[in-house]
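Protein sequences, first through last, are from chains E and V.
With this note's numbering, letter number 66 in the first sequence gets 101, and the count goes up by one each step, no holes.
With this note's numbering, letter number 141 in the second sequence gets 201, and the count goes up by one each step, no holes.
Read the hints as simulated data drawn from the structure, not as lab findings.
If you're wondering where the values come from, they're calculated on a predicted model, not measured in any experiment.
Be careful, since some hints might not be right.
As the list claims (entries may be wrong) - Simulated pairs of lysine to aspartate or glutamate, EDC-like, Cα-Cα distance not exceeding 16 Å:
(1) E:K79 / E:E93
(2) V:K170 / E:E88
(3) V:K170 / E:D98
(4) E:K58 / E:E88
(5) E:K58 / E:E39
(6) E:K79 / E:E63
(7) E:K108 / E:E39
(8) V:K171 / E:D99
(9) V:K74 / E:D42
(10) E:K79 / V:D75
(11) V:K170 / E:D42
(12) E:K108 / E:E93
(13) V:K171 / E:D42
(14) E:K110 / E:E61
(15) E:K79 / E:E96
(16) V:K74 / E:E101
(17) E:K110 / E:E95
(18) V:K74 / E:D99
(19) V:K70 / E:E96
(20) V:K74 / E:E96
(21) V:K168 / E:E101
(22) E:K54 / E:E83
(23) V:K74 / E:E88
(24) E:K54 / E:E39
(25) E:K60 / E:E88
(26) E:K60 / E:E101
(27) E:K108 / E:E96
(28) V:K171 / E:D98
(29) V:K173 / E:D42
(30) V:K168 / E:E61
(31) E:K108 / E:E38
(32) E:K108 / E:E61
(33) E:K58 / E:D42
(34) V:K168 / E:E96
(35) V:K168 / E:E83
(36) V:K170 / E:D99
(37) V:K171 / E:E101
As the list claims (entries may be wrong) - Listed next, with one range per pair, are the computed distances between beta-carbon atoms:
(38) E:A109 / V:W113: 51 to 61 Å
(39) V:L85 / E:D99: 20 to 30 Å
(40) V:Q134 / E:D42: 45 to 55 Å
From the three backbone atoms N, C-alpha and C, an ideal C-beta is built for every residue, glycine too.
Residue strings, one per chain:
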Amino acid sequence: MKEEVLDCNGEACPVPLVKAQNKLKELEVGDVLVVQVDHSCAMKNVPEWARKEGHNVEIEEVDDGEWEIVIQKAK
Amino acid sequence: MKLRESTHYKVWFKDPWSYVTGAVLLAVFQTVTLAVTGSPWGVSGALANWGAWVYRAFGGSVDKWYYFSSEGAQALLDRGFLKDPGTMRNLGIIAGALFAILMASQFKIKKIKSWKQVVAAVLGGLLMGYGARIAFGCNIGALFSGIASLSLSGWVFAVFLFLGAIVGSKLLVKFFM
Numbered sequence: 036m037k038e039e040v041l042d043c044n045g046e047a048c049p050v051p052l053v054k055a056q057n058k059l060k061e062l063e064v065g066d067v068l069v070v071q072v073d074h075s076c077a078m079k080n081v082p083e084w085a086r087k088e089g090h091n092v093e094i095e096e097v098d099d100g101e102w103e104i105v106i107q108k109a110k
Numbered sequence: 061m062k063l064r065e066s067t068h069y070k071v072w073f074k075d076p077w078s079y080v081t082g083a084v085l086l087a088v089f090q091t092v093t094l095a096v097t098g099s100p101w102g103v104s105g106a107l108a109n110w111g112a113w114v115y116r117a118f119g120g121s122v123d124k125w126y127y128f129s130s131e132g133a134q135a136l137l138d139r140g141f142l143k144d145p146g147t148m149r150n151l152g153i154i155a156g157a158l159f160a161i162l163m164a165s166q167f168k169i170k171k172i173k174s175w176k177q178v179v180a181a182v183l184g185g186l187l188m189g190y191g192a193r194i195a196f197g198c199n200i201g202a203l204f205s206g207i208a209s210l211s212l213s214g215w216v217f218a219v220f221l222f223l224g225a226i227v228g229s230k231l232l233v234k235f236f237m
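The shape of chain V in the complex, shown without the other chains (with noise of 0.2 Å):
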């Protein structure tokens, strides 16, 4: 029998899994992640670091700056890359995304339709980095963990989210319909 008619091939690496399964892996994984570290999960926490790790790499300090100025993000910093567990986490989910998409053989190098595709996505990616980080959180940080730690502040966050969700998807339809 060949591998890609194989049901098991199918059910764990083709065909997309659930919602459910989604949901309940991410649960499992977020209860793991502050068992572990402490911390409940986040993404764009760790590229700010990044951030910070390159600005000194030049020879820049971030050791003034409000959002760095606290003993715990000092002592971070200091602690380097390596031992960042956001920053691992963040390299395990981009190295498990390729290893998934190849298991599927569904990895494909994308052509950019046009500019508008570059300028939309340039410009989204640095609302979203600034929104981020005034916020103390993404979508991860601040709305999935922020709930899961029955926190108000997830729920403040899920009500703006939809709603620039919203604006978001008119912007869309209309420069890219």
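With the rest of the complex left out, here is chain E (with noise of 0.2 Å):
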């Protein structure tokens, strides 16, 4: 099981977005992804997709403007 870290601080939608999902299709299940954005459309979007196939979300709010979203591959 290993974390890999996707920096999207500075990229506007839908960059990160589209970047979580290339990521996410290298990664095994069980495996994390943590999704560092600073826009907040990110903060919806992403975590959106991801619920909506099925992996593990939880978004931490780092700094102002700042998240990291933690993605657990689950299929």
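Two independent chains are provided; combine them into the complex using the hints.
Structure (structure tokens):
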């Protein structure tokens, strides 16, 4: 089980979402992907997509206007 | 109890409002705008007026420009910056957005990641500004206000906005992935 960090700070929608989708495809079930974003709409659309796909998702607000979206690949 | 944990704080300031709440508020304020100012909501038209005022401030004249040639446009420019409802509303949007982001404590000055972003932003801004002027409206004035006025032009705008967005997304994936 590995953990990968994807730095999407400074990227506007929908770049973080597409990058997260591509990255998660490369990972194995059980692996964790941490997506760092500072664009508030990415904080909405990335978790929405990941939850719809059935993965486990947690959002952490790490600083003012900065988030880490933690996605565990479930299938 | 800390403010951060207050449910009211979260509902009003922290969590994003739903699309339905946003839609209802936009409809209400569109109605208020039409009732108070006599014209539907628009954003980019006021920006063109800002350009005209800047040009005038440097001694230029836009009287002969086709875009500003109507009596209404000339009268609006003569009344000045502070008496243009569209200008006030645009300033209000900026102030309101700042207030909202400060209340949610999400204010952040974002770094520019690459020169590609700068080029894309400048090109995109120029194309949107030019397009909005020759179409007599942006996605607010021509699309939202157009459709709300039961005007066919709003729907035509919507179809081509959608097509443009598809092309834009493809370019974005090509150049920014």
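To see whether the hints hold, each was checked on the structure:
1. With a C-alpha separation of about 12 Å, the suggested pairing of K79 of chain E with E93 of chain E holds against the 16 Å cut-off.
2. Taking the CA atoms of K170 of chain V and E88 of chain E, the gap is near 30 Å; set against the 16 Å cutoff, the hint is violated.
3. The suggested pairing of K170 of chain V with D98 of chain E holds, with an alpha-carbon distance near 13 Å, which does not exceed 16 Å.
4. Restraint check for K58 of chain E and E88 of chain E: the C-alpha separation of about 14 Å stays at or below 16 Å, so the hint holds.
5. Among the hinted pairs, K58 of chain E with E39 of chain E is consistent with the structure: their alpha-carbon atoms are about 9 Å apart, no more than 16 Å.
6. A C-alpha spacing of about 24 Å is found between K79 of chain E and E63 of chain E, which places the hinted pair above 16 Å, so the restraint is violated.
7. Simply put, K108 of chain E and E39 of chain E have alpha-carbon atoms about 11 Å apart, close enough for the 16 Å limit, and the pair holds.
8. Note on K171 of chain V and D99 of chain E: the hinted pairing holds, with a Cα-Cα distance of about 14 Å set against a maximum of 16 Å.
9. For a cut-off of 16 Å, the pair hint linking K74 of chain V to D42 of chain E is broken: about 24 Å separates their Cα positions.
10. Pair hint K79 of chain E plus D75 of chain V holds up; C-alpha atoms about 10 Å apart against a cutoff of 16 Å.
11. Restraint check for K170 of chain V and D42 of chain E: the C-alpha separation of about 13 Å stays at or below 16 Å, so the hint holds.
12. For the suggested pair K108 of chain E and E93 of chain E, the alpha carbons sit about 12 Å apart, so the restraint of at most 16 Å is met.
13. Using a Cα cut-off of 16 Å, the hinted pair K171 of chain V and D42 of chain E holds, with the two alpha carbons roughly 13 Å apart.
14. This hinted pair checks out: K110 of chain E and E61 of chain E have alpha carbons roughly 12 Å apart, not beyond 16 Å.
15. A hinted pair counts as satisfied when its Cα atoms are at most 16 Å apart, and K79 of chain E with E96 of chain E qualifies at roughly 13 Å.
16. The straight-line distance between the Cα atoms of K74 of chain V and E101 of chain E is roughly 14 Å, inside the 16 Å bound, and the hint therefore holds.
17. Among the hinted pairs, K110 of chain E with E95 of chain E is inconsistent with the structure: their alpha-carbon atoms are about 23 Å apart, more than 16 Å.
18. With a C-alpha separation of about 12 Å, the suggested pairing of K74 of chain V with D99 of chain E holds against the 16 Å cut-off.
19. Distance hint between K70 of chain V and E96 of chain E is fulfilled; the C-alpha atoms sit about 14 Å from each other, no more than 16 Å.
20. Distance restraint check for K74 of chain V and E96 of chain E: the Cα-Cα separation of roughly 11 Å lies within the 16 Å cut-off, and the hinted pair is therefore satisfied.
21. Restraint check for K168 of chain V and E101 of chain E: the C-alpha separation of about 8 Å stays at or below 16 Å, so the hint holds.
22. Between the alpha carbons of K54 of chain E and E83 of chain E the distance comes to roughly 15 Å, so the proposed pair stays at or under 16 Å and holds.
23. Among the hinted pairs, K74 of chain V with E88 of chain E is inconsistent with the structure: their alpha-carbon atoms are about 26 Å apart, more than 16 Å.
24. Of the supplied pair hints, the one linking K54 of chain E and E39 of chain E holds, its CA atoms being roughly 13 Å apart against a limit of 16 Å.
25. For the hint pairing K60 of chain E with E88 of chain E, the CA-to-CA distance comes to about 12 Å; that is within 16 Å, so the pair holds.
26. Restraint check: the Cα-Cα separation between K60 of chain E and E101 of chain E comes to about 24 Å, which exceeds 16 Å; the hinted pair is violated.
27. With a CA separation close to 21 Å, the supplied pair K108 of chain E and E96 of chain E exceeds the 16 Å bound.
28. Proposed proximity of K171 of chain V and D98 of chain E is supported: the alpha carbons are some 15 Å apart, at most 16 Å.
29. Pair hint K173 of chain V plus D42 of chain E holds up; C-alpha atoms about 11 Å apart against a cutoff of 16 Å.
30. Distance check on the hinted pair: K168 of chain V and E61 of chain E sit about 31 Å apart at the alpha-carbon level, beyond 16 Å; violated.
31. Taken as a hint, the K108 of chain E and E38 of chain E pair is honoured in the structure, with Cα atoms around 11 Å apart against an allowance of 16 Å.
32. About 10 Å separates the Cα atoms of K108 of chain E and E61 of chain E, which keeps this hinted pair within 16 Å; it holds.
33. Taking the CA atoms of K58 of chain E and D42 of chain E, the gap is near 11 Å; set against the 16 Å cutoff, the hint holds.
34. Between K168 of chain V and E96 of chain E the CA atoms are separated by roughly 13 Å; this keeps the pair inside 16 Å, and the hint holds.
35. Taken as a hint, the K168 of chain V and E83 of chain E pair is broken in the structure, with Cα atoms around 23 Å apart against an allowance of 16 Å.
36. Note on K170 of chain V and D99 of chain E: the hinted pairing holds, with a Cα-Cα distance of about 11 Å set against a maximum of 16 Å.
37. A threshold of 16 Å between alpha carbons decides the hint, and for K171 of chain V with E101 of chain E the separation of about 12 Å falls inside it, so the pair holds.
38. Distance hint for A109 of chain E and W113 of chain V: a CB-CB separation of about 57 Å, consistent with the stated range 51 to 61 Å.
39. Look at L85 of chain V against D99 of chain E: about 25 Å separates their beta carbons, and that is inside 20 to 30 Å.
40. For Q134 of chain V and D42 of chain E, the hinted distance range of 45 to 55 Å is satisfied, since their beta carbons lie about 52 Å from each other.
In summary, the numbered hints that this structure violates are 2, 6, 9, 17, 23, 26, 27, 30 and 35.
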